[in-house]
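Visitor: Chains A and B are the protein sequences, given in the same order.
Using the numbering used here, you'd call the opening residue of the first sequence number 71 and step up by one each time.
Using the numbering used here, you'd call the opening residue of the second sequence number 71 and step up by one each time.
Derived by calculation from the structure, the hints in this document are not laboratory data.
Please note that a few of the clues may not be correct.
No distinction is drawn between identical chains; accordingly, a pair holds when it is met within one copy or between any pair of copies.
Unchecked claim - Listed below are the simulated DMTMM-like cross-link pairs for lysine to aspartate or glutamate, each with C-alpha atoms no more than 25 Å apart in a straight line:
1) Lys131 with Glu174
2) Lys131 with Glu113
3) Lys131 with Asp204
4) Lys131 with Glu145
5) Lys131 with Asp181
6) Lys131 with Asp94
7) Lys131 with Asp90
8) Lys131 with Glu151
9) Lys131 with Asp87
10) Lys131 with Asp156
11) Lys131 with Asp186
12) Lys131 with Glu192
13) Lys131 with Glu214
2 protein chains.
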Amino acid sequence: MPTAPAETTPRDCTIADALDVVGDRWSLLVVRELFYAQRRFTEIVRNTGGPRDILATRLRKLVEHGVISRVQYSERPPRYEYRLTDRGRALSPVLLTLKRWGHEHVRNGTDPVRFDHTCGHEFVAEVHCTACGDALGLGQLTLEPH
Amino acid sequence: MPTAPAETTPRDCTIADALDVVGDRWSLLVVRELFYAQRRFTEIVRNTGGPRDILATRLRKLVEHGVISRVQYSERPPRYEYRLTDRGRALSPVLLTLKRWGHEHVRNGTDPVRFDHTCGHEFVAEVHCTACGDALGLGQLTLEPH
DNA sequence: CAGAGTGAGTTGGAATATCCAACTGATGGG
DNA sequence: CCCATCAGTTGGATATTCCAACTCACTCTG
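Could you build the full structure based on these sequences and the hints that come with them?
Guide: Set out below in structure tokens:
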């Protein structure tokens, strides 16, 4: 008998669940555009640079998963645009943390896109503990169950 | 002359920069495993469920981008494992916000993996404004330049 | 009213990437 | 010696992506 196939038992994990929905080359860029209030197919194509057919299938997938909705904005001729659902808007923390990481650890130079917070300053994302409200520091998390 | 090719001018954007590095099916799962202190190739294969060859090329790419490092942990036989660099550890906000989104908006049921914060409670990520410290609410951001 | 333009996609085919199972190479242990 | 372990690599089938051109349903302009 040859070597038995190596056991792979993928971790049961909500990060993997999330990535099943938005973990490809284009989906998060689509969500970004909707976040930036660019709702039309043509704008999404232009601003992401993705292939039209792939973006069309991603948009369908995101609609299926309830992340965005497809809305008719013209009867004649029939025309559609896309909007974030609550589920889609809930991705903003992911986009904002990715944006910060890309800015600080990938790009050298300035970030051409900026968000301003209602407090009057540029918005830079910081992750806090919902329970105690403190900003997350190094070595403050322990994995359970170990 | 036929129709001129539609202009696509991809947005100059640090989210896209970040996704160039970790925006594929496996990279963030690799980072997750290192975050969970599983450093060995075999463990990464087992826990992500990804194909060995793809994971090998992803690991190389992540090393090239300075997200992880490849460390020899045995001379004879030569064996290597992977560790997060500071740049890689800086991805924790992305993983933690993705984890929360996957938990609340994709999975139905409980999250089998949990983090405990030093404050004594389960860690649930919440994005705050670095400048004012307040938790981000709906409609608090404006895009600049508009 | 013909022809050009707009917007949201679809189509066909080539290029590329993924996935899988089996294999390699270095070594230690029984 | 033979088997096991670990970190990958290899070859080949399958699937996905990418690209340019096209469609459809109109409207607008001369």
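Visitor: Work down the list of hints and note, for each, if the structure agrees.
Guide: Right, here's what the structure says about each hint:
1. In this assembly of identical chains, Lys131 and Glu174 lie within 25 Å of each other by CA distance solely across copies; the values are 19 Å between and 31 Å within a copy.
2. In the homo-oligomer, the alpha carbons of Lys131 and Glu113 lie at most 25 Å apart inside one protomer (18 Å), although the nearest pairing across protomers, at 31 Å, exceeds that limit.
3. For a Cα distance limit of 25 Å, the shortest separation of Lys131 from Asp204 qualifies neither inside one copy, at 36 Å, nor across copies, at 34 Å.
4. When the C-alpha separation of Lys131 and Glu145 is checked against a cutoff of 25 Å, the pair qualifies only within one copy, where the shortest distance is 24 Å, while the shortest distance between copies is 48 Å.
5. Taking the shortest alpha-carbon separations for Lys131 and Asp181, only the inter-copy value of 24 Å comes in at or below 25 Å, while the best intra-copy value is 30 Å.
6. Taking the closest pair of Cα atoms, Lys131 and Asp94 come within 25 Å of each other both inside a single copy (12 Å) and across two copies (16 Å).
7. For a Cα distance limit of 25 Å, the shortest separation of Lys131 from Asp90 qualifies both inside one copy, at 11 Å, and across copies, at 21 Å.
8. Proximity of Lys131 and Glu151 under a CA criterion of 25 Å is satisfied intra-copy only: 15 Å inside one chain copy versus 36 Å between copies.
9. When the C-alpha separation of Lys131 and Asp87 is checked against a cutoff of 25 Å, the pair qualifies both within a copy, at 14 Å, and between copies, at 23 Å.
10. Proximity of Lys131 and Asp156 under a CA criterion of 25 Å is satisfied intra-copy only: 16 Å inside one chain copy versus 34 Å between copies.
11. When the C-alpha separation of Lys131 and Asp186 is checked against a cutoff of 25 Å, the pair qualifies neither within a copy, at 31 Å, nor between copies, at 34 Å.
12. In this homomeric assembly, Lys131 and Glu192 never come within 25 Å of each other (Cα to Cα): the closest approach is 33 Å inside a single copy and 32 Å across copies.
13. Neither within a single protomer nor between protomers do Lys131 and Glu214 lie at most 25 Å apart by alpha-carbon distance, with minima of 33 Å and 30 Å respectively.
Hint check: violations occur at hints 3, 11, 12, 13; the rest are consistent with the structure.
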